[in-house]
Amino acid sequence: MGFDQFLSSPEMEIIIITHRDIFQSAANSDSRFSDDYANLTAIIRLDKQDMKKAGLKEGNLVTIESSAGKVVVKALQSTYEEPHPGTAYMVNGPWVNALVSAETSGTGVPSFKYIEAKMIKSKESSITSFE
Numbered sequence: 001m002g003f004d005q006f007l008s009s010p011e012m013e014i015i016i017i018t019h020r021d022i023f024q025s026a027a028n029s030d031s032r033f034s035d036d037y038a039n040l041t042a043i044i045r046l047d048k049q050d051m052k053k054a055g056l057k058e059g060n061l062v063t064i065e066s067s068a069g070k071v072v073v074k075a076l077q078s079t080y081e082e083p084h085p086g087t088a089y090m091v092n093g094p095w096v097n098a099l100v101s102a103e104t105s106g107t108g109v110p111s112f113k114y115i116e117a118k119m120i121k122s123k124e125s126s127i128t129s130f131e
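If you count the sequence shown from 1, position 40 lands on 40 in the UniProt record's numbering, and the numbers rise without skipping.
Take the hints with a grain of salt, since some may be wrong.
[Said to hold, decoys possible] Have a look at the derived ranges for each label pair, beta carbon to beta carbon:
(1) A68 - P10: 32 to 40 Å
(2) P10 - S67: 15 to 23 Å
(3) S67 - E124: 15 to 23 Å
(4) D35 - E116: 26 to 34 Å
(5) T79 - E103: 25 to 33 Å
(6) D36 - S67: 28 to 36 Å
(7) E58 - P10: 13 to 21 Å
(8) E58 - D35: 24 to 32 Å
(9) K123 - E81: 30 to 38 Å
(10) A68 - K123: 27 to 35 Å
(11) K52 - A102: 33 to 41 Å
Treat the hints as calculated values from the structure; they're not laboratory data.
Predicted, not measured: the structure shown is a model, and the values here were computed from it.
Note that CB positions come from ideal geometry on N, CA and C, so glycine has one too.
With these hints in hand, go ahead and build the complete structure from the sequences.
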């Protein structure tokens with residue numbers, strides 16, 4: 001047993017940017033409730049240094065909470081070469097939608113970009129289910 005098992009994972013403040021993904025869109029056309037769709041959508045991509053700072057390894061589950069909601073998704077290292085500390089990316093879908101505030105700032109459209117949230121390594125054993 002290592003001492004690090006008794007240390008809690010640090011909570012991090014992050015900004016989430018949403019985006020579309022062609023592979024996720026293809027899986028969505030089959031079924032929004034398929035395993036393929038969840039595997040492509042229930043993920044957050046993090047900066048390499050943010051993963052290290054949070055004590056995360058590729059595929060660890062994280063709990064993300066915003067003012068609008070809370071979800072558990074899989075953490076993966078970002079594929080962007082440029083560092084982007086504090087900024088994470090999620091594919092459009094029900095997991096990120098649960099984090100989007102209903103506030104519209106007078107535009108009538110919720111903000112799907114720059115979602116302020118807190119993230120911590122999850123104690124849950126599975127991603128949030130939306131079935």
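Hints and how they fare:
no., hint, verdict
1, A68 - P10: 32 to 40 Å, "violated (23 Å)"
2, P10 - S67: 15 to 23 Å, "holds (20 Å)"
3, S67 - E124: 15 to 23 Å, "holds (20 Å)"
4, D35 - E116: 26 to 34 Å, "holds (30 Å)"
5, T79 - E103: 25 to 33 Å, "holds (31 Å)"
6, D36 - S67: 28 to 36 Å, "holds (31 Å)"
7, E58 - P10: 13 to 21 Å, "holds (18 Å)"
8, E58 - D35: 24 to 32 Å, "violated (19 Å)"
9, K123 - E81: 30 to 38 Å, "holds (32 Å)"
10, A68 - K123: 27 to 35 Å, "violated (22 Å)"
11, K52 - A102: 33 to 41 Å, "holds (34 Å)"
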